Structures are given as structure tokens and as C-alpha cells.
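Peer 1: Residues per chain, in single letters:
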Amino acid sequence: MDIYLCSKRPSWLVDNRRMRTTSDFQWLLSAFVLLYLMNHVNSQRKETPYDLKCTTNNLQTWDCSWKAPSEAGHGTLSEFCIDNRSRSCYQLARTNIEIPALSRGDHEITIRSLQDAGSSTSKFILNEKNISLIPDTPEILNLSADFSTSTLHVKWNDKGSVYPRHSNVIWEIKILRKKSMELVKLVTHNTTLNGKDAVHHWSWVSDLPLECATHYVGIRCYVDNLLFSGHKEWSDWSPVKNVSWTPASQPKVFPQDKVILVGSDITFCCVSQEKVLSAQIGSTYCPLIHLDGENVAIKIRNISVSDSSGTNVVFMIEDNVCGTVVFAGYPPDTPQKLNCETHDLKEIICSWNPGRPTGLVGPRNTSYTLFEGFSGKYVRFKRVEVSTNESYHQLLFQMVPNQEIYNFTLYARNPLGRSQSTILVNITEKVYPHTPTSFKVKDINSTAVILSWHLPGSFAKINLLCQIEIKKINSVQELRNVTIKGVENSSYRIAVGKLNPYTVYTFRIRCSTETFWKWSKWSNKKQHLTTEAIPSKGPDTWREWSSDGKNLIIYWKIWAFFSEAYKGPEDFMNPISLALHDLQTEQAVGMGKGILLTWHHDPNMTCDYVIKWCNSSRSEPCLMDWRKVPSNSTEALIQSDQFRPGVRYNFFLYGCRNQGYQLLRSIIGYIEELAPIVAPNFTVEDTSADSILVKWEDIPVEELRGFLRGYLFYFEKGERDTSKMRDLESGRSDIKVKNITDISQKTLRIADLQGKTSYHLVLRAYTDGGMGPEKSMFVVTKENSVGLIIAILIPVAVAVIVGVVTSILCYRKREWIKETFYPDIPNPENCKALQFQKSVCEGSGALKTLEMNPCTPNNVEVLETRSTFPKIEDTEIISPVAECPEDSSDAEPENHVVVSYCPPIIEEEIPNPAGDEAGGTSQVIYIDVQSMYQPQAKPEEEHEKDPGGGAGYKPQMHLPINATVEDIAAEDDLDKTAGYRPQANVNTWNLVSPDSPRSTDSNSEIVSFGSPCSINSRQFLIPPKDEDSPQSNGGGWSFTNFFQNKPND
Amino acid sequence: MNEWAGRVRDLTSFPLPGPLCLLMLLLPLLSPAAPISPAGPISQAYSLAVYMQKNTSTLLQTYLQYQGSPFSDPGFSAPELQLSSLPPAAVSFKIWHALDDGERLSHAQGAFLALTQHLQLVGDDQSDLNPGSPILLAQLGAARLRAQGLLGNMAAIMTALGLPIPPEEDTLGLVPFGASAFERKCRGYVVTREYGHWTDRAVRDLALLKAKYPA
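So the protein sequences, as listed, match chains A and B. Counted from 1, the first sequence has number 13 at position 13 by this note's numbering; the numbering is strictly sequential. Counted from 1, the second sequence has number 10090 at position 90 by this note's numbering; the numbering is strictly sequential.
Everything labelled a hint here was simulated from the structure, so no lab data went into it. Since this is a predicted model, take the numbers as computed values, not measurements. A couple of the hints might just be wrong.
If you want a taste of the chain B side facing chain A, the calculated C-beta under 10 Å gives, among others [stated by the list, open to error]:
(1) Gln-10053
(2) Asn-10055
(3) Asp-10073
(4) Gly-10075
(5) Leu-10129
(6) Glu-10168
(7) Cys-10186
Label pairs and their in silico Cβ distance ranges [as the list claims (entries may be wrong)]:
(8) Leu-261(A) / Asp-10128(B): 38 to 48 Å
(9) Leu-261(A) / Ala-10098(B): 28 to 38 Å
(10) Thr-246(A) / Tyr-10051(B): 30 to 40 Å
(11) Ala-10211(B) / Thr-246(A): 23 to 33 Å
(12) Gln-273(A) / Ser-10084(B): 53 to 63 Å
(13) Leu-261(A) / Asp-10124(B): 47 to 57 Å
(14) Asp-10124(B) / Arg-301(A): 48 to 58 Å
(15) Gly-376(A) / Tyr-10051(B): 52 to 62 Å
(16) Glu-341(A) / Ser-10084(B): 26 to 36 Å
(17) Thr-246(A) / Asp-10124(B): 23 to 33 Å
(18) Gly-10040(B) / Gln-273(A): 54 to 64 Å
A virtual CB, placed ideally from N, CA and C, is assigned to each residue, including glycine.
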């Protein structure tokens, strides 16, 4: 930037000069043409005087000159005549003449040359228009230079006395620089002549410091007289005068320590005897402008703001260095926010914001002067360099006695300029008091104190407005404004009343003036305890009889310091007359922390109402608290921190009459209802095939936690392990719900149930606070007994009918049957085996018999006996066990056909059905059958050992005896098995006889029903039943099922 | 490039403070009053000089930093700038080595006397040029106080050694109040620089003395 600008200036100078030269040439050309024409007209020949020219330098005389004829010699006389009214001629020995200025218009001039050879005459017409006004060359009286400011002062005399008055003069001053006299400035300066000599001054500030180069000044003038109609010309240039600096031996840079406006241009030069190598401003190098000798200059344009220590300009010389510092900154900004106020009406503090920083510090910084217009006093701002707040300045001005209005002007000045701000203030309206100090509190009485404080200032003529902050612990602060007359001694006191006795207060105070401007800062806080006072009323009391009625319990409350509560009855009254007999207990539920009780106005109640309350679970007399309410109230919101949700409280409303308190209402209530925390205990009272009767108990009040609103009973089919009643509220269709809203109901019969089905029962209680927990139970309904009976009877009846019919048929056709199936077989009377059997029957167990007698397989005797089996049939039905030995003893020796056939190996054999089958022999099977039954029905076995145990071969005639359990079976047996029994059937027996334990049970059942002890007969009768039993087991009903239900009950 | 080739022998152009007083002190007057033990004051002075040495480069850097470019440019150095009122610390080793204790002490004494006055002058200059730079002003003030302290210590040594203490002299003479800002900046530079050089030299002087007079 600087480099470019530095090199541009010379070309501008050149252009300027060229233009001026051109205009001079044109002017000269036109003057020449004019003169030529004049000569051509007035003098045709050179033998006569010619070329008359007249000029004037003062408008009063004209200088005319002409040229003599060519043949005229030196010293020739001439006669110059002006042909006007009085012709005047002048004899001259020269060719010029000074004549008084002629009047306007043409004048004939005759010039006669008096030569030796005769005379020659020329005539000219002279007019003012042809006269040139050429002022005398001016002279510079004095040229001086102020090097510090690079200013040239020129002084000259205008010689106004020689010109007519009121002529305007144009002065042209040229300034040349360097020894080569380069024109650097050409200026015009206008003045007016006033008929007297006057000295004029003109100053010029050089951009280049004057020390750096010789400066020359020349001047010329141009008189512009309006009355003169002739030609006006510039005077000649005066001789130039110059100003130069005597350089010291040391190189030096100019200007030094210059303060300039940011953005302006400046030229620095270095006066040096030695060659300057380079120049730089800050760290930027600049092109050198060479001046005379080794002097150089640099030109800086648009300089930027300096650091606080200024911007360094350094020139590097051959073996030296020199430099200077320039301070670029701003003139002072107009002081902003000028404000004047006082703390104490003694001293005025004016503060202001200096605005834009000037960038100048130290001696170059802005100085401020505060001037007061009315008093003419002023104060200067003393700069504290380490200022607390640079952005705000302030000045103190001592107040003038008895002056309230002040007109302040703040002047700001720095080397680059000045500015100012003005403010007009009434100082009594601009009081910002100091912070009150020495703040103290003193007691007056229990409700009033005196506050005292110190507030320095001359406030005697004004009123102060003070604000007292009164703060009570746990209370809203109170502000009281007081107006106090100002005093001179700065001590203030004020009484503060309407306080509460024996209360801790915190006071603080701040002040302003009545014409409010600003509050002072708050004083320190002072804590103060007001003195105690006599209690304003007695304690709040209540009294109750003790539960035994012998003692009266008196309760009272201690007032917190002061209570604004209404005043209750002061004296004791008669103890409460209870009137509970016709009172109904009401219910109430509160909201939030309190419970609202309302009642109707009772004009009989003259004193007040008392509401007392208690936790209902506590024993009487019980009193948590009470509250008195004025007699005109009809409601009371009872609140207490002791109230807990879900707890039942008893509230009693007493009304006060002259004779005492009367219980008006008894209310139980909850502050907030909650859900029960337990489920009702319930039991199943009765169960039938299609219904269940459920009974439950009340929930204790403490666990109910609200007013019971009802029960919800849910039931569904379900086993214990597969409870599906997870979500009772989902409204599943298979869950049946009964909502019991009658809370006095304690039983519920659930009907229309299915018999012999497991049901899941759930019961829960609820209050307005929500649902309680659930309690569940599983119950199985009973079987339908009628159906069971029918189911048993029908098959039995059918079987009996079939049996009877078959018996009848068999009986009718008995001969045919006998012939066909049981031809007679001779009775083996001599059989030893028979005898043997007899002894067995009498004696001990069957196995023993078998052991004793090793069989003789080759000795087979066949006996034939016709027995009286119908008789036996009857007896066996009646007494199955007891008579067995007799019958058998009677019958068997005669009737039994015993085939003793045993393999010798088998002794005391434990039955093994598989092995028996493998054996595949008929004899073995008989033994097995007996052994099987032996442990299960011993009495029978003993009796039946004879036929079974001795059984090797059984005579067919005996079989009907054993098969007399039921008629049908017996007849069947008679038909099918009497006599000889085909071996093939043994297998079926074998399969059936080793039955499962269940079949054993059924066997025993049969015994209880009175079945015959005969094994054989059982083998025929029972197997069909045995086959049925598994089916019945899995079916709708069975014996087992029937009995299994019982444990459940 | 900031290495100024120029030699300014008399920046402030105030008159040379006459014949150096130290020449007067060249006569090592063997005082008949035998000193007690110079080891204590020597050790004290040495410790102070070593302490001062640690802060001299900081002072110089801080000073240059506040003077603007090119003073504040990195690597700025103008060794040829000198002040006629301040004796240069630079001395050829041969000359220095040839000096006896009394000469060394009086050279240093004279230099630090001049330095204290010059540091005061520089502090005043900077109060005008950099009034808002308390760090620089504080460092200049501290350097001056330390120089005064060292002067006191050296006087104690000279007393202990029985050497005559040179009288306090106004080395500055007529203060060039009209010095330009540029001259003040250069002056301050030379003073802070020479303060460092003289401190270095004092450390060497005192180390030599310390070796000669062990505790």
C-alpha cells in the first residue's frame, strides 16, 4: 500500500505543470495578435514613430512608449501631443512618457519626431481599453518556518496605497522544493485593497517535514479593478525566498513523536549525510523518495491505529540507524452518559463514558475539564493510569453553597481534537445517599422498637424517604416507607411499631430523598428479639370424662407466641352431656390433607362448636386434637399433620350451649381411602352336586383402610394346579363374577354348577380406595347321587331278570339238559381221597394235607354221589363263612369227586401263573387256584380247602354247590360245568384267577355282599364283573370314584 | 534483518560523564585496617547476582515486547546501540583477566550505579509510553531494586576487602527530557540489555572472588 502510494506523487506534479504551461502560451499568442493589428492600423510606415504602447501599474498614470523612426538617430527630440479639448504637448528627448490616466473614450495622440532632416508625425488613437494594467512585482517581506509543524509563514505588503480603493487583488504563491526547485504548490490568495499599504500573511503546512529539503516561496499578483476596462496582467514573480534546515552531524528522522489521525497520510524523512539503505514502518518496508543529498522520505497513506507505545518508523543507514515514533489515534469522542449526582449534598460526582477509545495513552491521552456555568468553577480530570474501570470516568465537584442548579460542561481534549458534553441538573433531585451505617435497634416495648442509623450528608434542607425491611422468621418480609426530616448531624432515629412481642425480627434500612432518584444500598441486617408480653388470652381447653366416668380429663393447648385465632370461652363449663343415644354415625371422606365437615346452623348453639377427633382404633377416651369453631360457622376444614391416609378417624362435633357442650354428630372418616390390604377370610360351608355355599368374615377396620363398598366374587372351573384366574378384571367369559354390594351379606350360594367338578373361587373386598387382594379356594362339587343309584340299579335289574328267565328255562328243560350235558356218572364211594379230605376239613390247612400224602398217580378211583345241592345253596347265601366247615364236612365226603393227581416235585409251591401255564398240566392249575386265594380270605379258604385244596379232579356234581352265589351263575354252572369239566376251560380260569389287586378288592366286596366262599363259583361269577371294573373306573362313575370323593370333603 | 548495522555512540547526545570514575579507583589502596572476612558479603552478592541473572532475559524480552515492531520482532538485536552514559559490559577477556579484584569491583560498582539511575529513567519513559502495562513497569522497578541491592552488597565486599568505596555519582547528568519516543525506546533497550550483560559479568566477577575467599 505504502509503496505504491509513495511512488505516485511525482507524476501528479508533472501533469500540473504541463497544464499551466499550455494556458500561458495561449494567452501570449492572443496578446501578440492584438498588438500586431494595432501596429498595422496606426503606423503604416517605419519612417514615422510607431508601436505606441501604454501600460499602467496604478491606474493613475499611464506609461506610454513608442519606437522612433528607423532613420532617427540617438538623442532625437520628440513631441507627444494629446489631442483633447486643451491640447497638451510634451517635448521629449526619449521615446516614452508617463501621462496621467486619460478619461474613457478615444484620444488622438500625435507623436512628432523632430529630426535633423525634418519631422515625421504619427497619429495614434489611445483608448483605456488598449492600456495594460500590470501591477508592480510584489516582494515577500518575510518567510519563516515552524519546523515542528512543518508550516511556512509568508508575509508581504500589498502596496494598497497606490491603487484605488476596493480593488480586488489575487495573489499567487508558489512553493518550490529541493534545489531543483520542483513546484510542489501553487495557490491563489484573494485580498481587497483598501487604499492603504497592508501586510498579508499566508501559512502553508508542508506534507514533507521542512527539515528534509529546502523550500522556496515566490509570489505575484493580479489587480482586478472593475472600473478599468483595459487589459489586466499578472505582475512578475517576486524573487524567491527559501527556508532550509541546518543538519546536525547525526542523521535524524522527521517528524518526531507526531500524533496523527488514524487513516491520514504522513511523510517521514531522514536527514542524513550517509546513504540510507531502507526504511520501514513497523515491520513494513517502504520505497524511498530521494530528496537533496542523501536525504530520503517515505510516504505513509491511511495509517492504522498505533499500539500504546506508538508506531516505529526506522531508517537503516550505511552504518547507522535512526527512527521516530508516530502515534496514530482518534480525537476524543463526545463524553457519553454524562450524569451528575451526589451522595451527601456536599460533593457532586459527575461520571461519564469516554466513548470510542482514542488509541492514545500517556501524555497524549484525553484530558477532561468539568466546567460549571453558573459559578464559573471548574475541575480537571486527574488521570489515574491504573484505573479501576477504564470504561467509566468520574470527577468530583465541590458544591457551591446555596446553589441547587448546576450547568456542567465537560470538555474533552487530546492532540487530535476536542469534544464536549453538557448537563443541567437540580442537585437536590439527584441524591443517591450513602449506605446507612451504625444501624441499631432498641426496644420501646414489646411491640415497638427504635431504629437508629447514621447517614452522612447535608440533608438539613430536604426530607429523606427511607424504607425499612421487617422480616419475621418463616414469614413474608414487610416493607415500610417513612419520611424523615433531614438533619445536619447525620444521625437518624425512627420508631417502628405494630410488632409482635417476643418475636425475632430482622431489620434493615435504605434511604432516598423525597424527590426520589435512587435508593441507597441496604444497610447491614440487624436481628432483634422483641420483649415478652402478657399472654393475650388463656389456653384453648377441652375436657372429657375418663372411661370409668370418675375422672375428668382436661386438655389444653399452648399458644404459639401470637395467634390471631378467635377467642373461645374463657371459663370452664359443665362437662359434656353426651347425647349419643339417638346419634347416627356418619361417614366422611376427606380431600388431600384435610377433611371438610359441614353442619346446619343451630341457633341454640350460642358459644361455639368444638370438633374433636381421634384415631378410631384407639381406646376411649381418645383425643388426638380438637378445634373450636365460631358458632356462626357451618363448616370446618379439619387439617392436621397427624392425619394419615387409610386410617379411620372418629370426629365428634359438639355444640356449645350455656349449660355445656352437647355432642351433635359423630362422624367416622378417612382423610383418604385406600384399598384393603387383606382379603376376606372365606370358607365353603356346604357343597352339593350343583351348588356351593360360601361364607366369609369381616375384614378388621385397620386392614380395611376405607369404607367397605362390597365384595367381588369370582368363580370358574379349574383345578388347583391349572388356575387360570390370573387376570380377574379382563372380563373373560369363563370367569363368572358376582358383585356383592350389600356389605352386610356374609354368605353366598353359587348355584347351577356341574357335579363332581373342581371350581376355583376367588373373593376380594373393595373400598373407594381400590380393590383389596384376592383370596382363592378350589372346591369340587359332589356327585349326582340319584344318577348314581340309577346307574347301579339298572344293570343289576337287567342281570336279575336275565338270570330268572334263564333259570326258569333251565328248570323247565332240566331233563333235557341233564341228558345232553351231564349224563350220570357213578359215585366213587371207596375213594381214599375222599376220606382224606374229610380229615383235612376237620383239621388244619390244606397245604399240610398235600404234603402228607404223596400222590399215587396210578391209583385213580372214581366215585359217584348224587348230592342235595339246592339246600346247600340256601345256607351258603345266609351265612357264608361260619357254616362253611359244616357244610363242607357234610357234603364233601359224599359229593366231591377228587382226583388226586400231583407231580411229586411240587410241595409248598408258591403260585406262579407263568410257570403254571408253561407246565401246561391241569393238575397244577388246581393247586394254584387254592394257593392264590389262601392269604386273602382265610376263613373261607379253610372251609374251601377241602374242595379246592384236595382238588385234583373235581367231581362235577360238587360244582353247583360252590357256584351258588347267584342263581343265574349257579344254574349256568349247573348247565355248563357240572360233572366233567373240559380241560380246555382251565386256561380261561387260569387267566382270570390271578387277578390284579383290584379284583381282590372286588372279591372282598363280594364277600361283604354275601357271596359264596366257593372259589369255583366265584370264578364263574366274578370274572365278568372284573372285566367291567376297569371300564367303570374310567367312566362316569364307579365305586372307587364314589369313595374317592369323600376325602375331599 | 533486525540486526541493526548502525552504531549509535550517542543516542541521547548528552555529554560524556567525564573521565570514568573507575580510573580513580585503579589505585588499590592497601588499607591498613585489615578486613574481617569478605566471604559472607561475597557469597551474599554472588547469590543475588545469580538470582538477578535468571530474570535479565525475561526483562529484556518483556521490554522489547512492549515497544512494537521492529523491537518486538523475534530475534531483534542491535548490539551496536550504546549509551555514552552507561559503560558497556563487553570487555576483552585479556583486559578483564588482567584486572585485579578492586578494579573489577569498582567497574561493576560504577556500572550498577549507572544502571540503577538508568532503570529509573527507563521506568519513567515507559510510564509515558506504556502506562497500561503494569507488568513491564513492575519488572523495571524490580530490576532497579535488585541493582541497588547488589550495589550494597558490593560496597560491603569492598569494605571487607579494605577497598575505598567510590562516591555516588550522577552518571546521567542532565537528563535529556526532550528525548524522542524513539530515543527513549532505544535507550531502554540498551539499558535492559546492558543490565543483563553487567549481571552476567558480575556473576563471573563474584565467582572469582568467591573462589579466592572461600567461606
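Peer 1: Evaluate each hint against the coordinates.
Peer 2: A quick look at each hint next to the structure:
| no. | hint | verdict |
| --- | --- | --- |
| 1 | Gln-10053 | 27 Å, violated |
| 2 | Asn-10055 | 22 Å, violated |
| 3 | Asp-10073 | 6 Å, holds |
| 4 | Gly-10075 | 12 Å, violated |
| 5 | Leu-10129 | 4 Å, holds |
| 6 | Glu-10168 | 30 Å, violated |
| 7 | Cys-10186 | 8 Å, holds |
| 8 | Leu-261(A) / Asp-10128(B): 38 to 48 Å | 21 Å, violated |
| 9 | Leu-261(A) / Ala-10098(B): 28 to 38 Å | 59 Å, violated |
| 10 | Thr-246(A) / Tyr-10051(B): 30 to 40 Å | 50 Å, violated |
| 11 | Ala-10211(B) / Thr-246(A): 23 to 33 Å | 57 Å, violated |
| 12 | Gln-273(A) / Ser-10084(B): 53 to 63 Å | 20 Å, violated |
| 13 | Leu-261(A) / Asp-10124(B): 47 to 57 Å | 28 Å, violated |
| 14 | Asp-10124(B) / Arg-301(A): 48 to 58 Å | 34 Å, violated |
| 15 | Gly-376(A) / Tyr-10051(B): 52 to 62 Å | 58 Å, holds |
| 16 | Glu-341(A) / Ser-10084(B): 26 to 36 Å | 56 Å, violated |
| 17 | Thr-246(A) / Asp-10124(B): 23 to 33 Å | 31 Å, holds |
| 18 | Gly-10040(B) / Gln-273(A): 54 to 64 Å | 56 Å, holds |
Against the hints set out earlier in the document, violations occur for numbers 1, 2, 4, 6, 8, 9, 10, 11, 12, 13, 14, 16.
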